[in-house]
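Q: Below are the chains, spelled out letter by letter.
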Amino acid sequence: MRKSNSNYLILLLFTILIGSCKEKSNSTDSKTETEEELVQRALEIHKRVLTLDTHADTPLRMIEPGFDMAERHDPNETGSKVDYPRMKEGDLDAIFFAAFVAQDIRDDDGNSRAKTLCLQMIDSVIASTERNSNIVGLALNPGDAYALEKEGKRAIYIGIENGYPIGNDLSNVEEYFNKGVRYITLVHSSNNDLADSATDENGAEHGGISEFGSKVVGEMNRLGIMVDVSHGNDSVFYDAIKLSKAPIIASHSNARAVTKHQRNMTDEMLQLMAENGGVVQLTMLADYLREAPPNAARDSAVAALRANMKPISEMTDEERSALRTSFQELNQKFPNPPATVEHVADHIDHIVKVAGIDHVGIGCDFDGGGGIEGVFDASEVMNITIELVRRGYTEEQIEKIWGGNLIRVFKEVQAIADEIQAKASST
Amino acid sequence: MLKSYLFILAFVLYGHSLAHPLRLSLCEIEYSSKRQLLTINLKLFLTDVNEAIVFDPYSKELAFCQPNESAEANQMLMEYVNRFFFVKANKKKVDLKIKSKRLSGEGENTALWVYFEYEQPAPLSSMEIKNAVFTDLFFDQNNIVYVHLDGASKSMMLNKKTPSHQLKF
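In the order they appear, the protein sequences are chains V and X.
Going by numbering that gives the first Met the number 0, the first residue of the first sequence is number 0, and it counts up by one from there.
Going by numbering that gives the first Met the number 0, the first residue of the second sequence is number 0, and it counts up by one from there.
Read the hints as simulated data drawn from the structure, not as lab findings.
Keep in mind the model is a prediction, meaning the values are calculated, not measured.
Any given hint might turn out to be false.
[What the hints assert, rightly or not] Cβ pair distances, simulated, as ranges:
id, chain 1, residue 1, chain 2, residue 2, range
1, V, G202, X, K96, 37 to 43 Å
2, V, Q270, X, K96, 58 to 64 Å
3, V, D73, X, K96, 20 to 26 Å
4, V, E267, X, S99, 45 to 51 Å
[What the hints assert, rightly or not] One-sided and incomplete, this derived list gives chain V residues near chain X with beta-carbon spacing under 10 Å:
id, residue
5, L59
6, R71
7, N75
8, Q119
9, L304
[Unchecked claim] Computed list of lysine-lysine pairs in DSBU-like fashion (alpha-carbon distance at most 35 Å, straight line):
id, chain 1, residue 1, chain 2, residue 2
10, X, K160, V, K87
11, X, K160, V, K46
12, V, K332, X, K59
13, X, K96, V, K259
14, V, K178, X, K153
15, X, K59, V, K114
16, V, K309, X, K160
17, V, K352, X, K92
18, V, K114, X, K167
19, X, K160, V, K178
20, X, K167, V, K309
21, X, K153, V, K309
22, X, K129, V, K309
Note that the Cβ used here is the ideal one computed from N, Cα and C, for glycine as well.
From just these sequences and the hints, can you work out the full model?
A: Right, here's the structure in full:
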């Protein structure tokens, strides 16, 4: 996998070198096109279209002391999936960095602390863009991504994952908007005061979006913040469709008909998303992309190793270290079957079939658990385009998937906000 | 207030374990100059603890917080913790003695909480934290540390590459 991606990178460099003298053409002849030619054509498309990833939890990384977004990090050494050099390598033009704040106790003290942490992460994103203003720019409006791309800079948008830092103070929504936040995921993995989670072990609490959550949705509509239903339970989705005056988004969710998981969306939801004019952004989380089969070979090998262990308390440090190495070698020898870019394309194919080409996009969830074989970090996102080209998607379709659809929704959200504000000022 | 901190840690770990295959542990360090007390709460997935100590994530050998808890459980736990975790207050390493332990959550999400208290009469001028727990198991382990000093908060993430950090007050 690593080797093949290196080949793609070499091809990307080759494409850049010859790009200025090569006449751009989308014409292909599938009967004669070689794999190498297909990859090159895909990379050319990838370079031309705006590539926008709607979900990365990178602000969490930004609170690591000394972590520098301008440095290239090895994902296999550090787990880091996004930095500015790798965005450039992957030709990822724009990204939403989501400030993720975990659910705390829902009282004034907890709300205040959540807001503090949220603002700390947002400020970290802003400071990072200011420190690296020669290569990236803070993006606030739909057109900013294109403008920054023309300047040769990456566009950095800000979102919030979990509406919990809003607390019970509606005015916080405008404060976050003024800071640059352009979407808010209403809820995360546990219920909050706004909405029910798809994964709260205690089940639904509000039956979808709460009364306060409804006000938050209204305020987001007024300001021009996209309503994100990822992580919400199914009722949250249906409520958001009804409540929001603007199209909604799912910043990182997949298709449930392809992979049965409560975080993924049913066909009925996908169809409603199309009617709503919204967009579902495919995510690179393995468990949402495929159901992993049992790994019996590893399980039996591990059991055999354990059966021959002497009591831990009798082991020397050297013996423990050797045993640790043995276990790690077994994990390497019998890895779980990976999720791959083919799984991603399967989900895209399905959503296109059910909802149409105008309602699907990409939200990788890098630095939040996202990353699969072939799209392990930001430097490898071109492999999605290559697979889409392989499956016959046209440049126009790929442009929609990689950013056009999300930007369309973003524009509509802002246009509706303008209407709401104009109406309010005239009355 | 401490109770609310415990809630945030519980939800952080539960949520991410369920939705994101992130390797996380959490640590909450609080210092109150009024009480002259430094408190440390480690929240660790029980499966990670068992994997780290007895090489079996689902082992019941140590039986933390159970009536049949092994007589060696605390010792083995602290042997491990002391290899990968410390707090230095004013450049002096805090002597970690378990004040209490408890379990929370269910199944794969079961977490072991380990609580320490340390008397710190002198005003804090610096604090150094090392938290590299489970980085020997997972290259991408993330250990989030919250530090609360008389109401002011600072959050940071420590990992294999950046296992420690010093704060000055």
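Q: Please flag the earlier hints that this structure goes against, numbers listed from lowest up.
A: 3, 6, 13, 15, 17, 20 and 21
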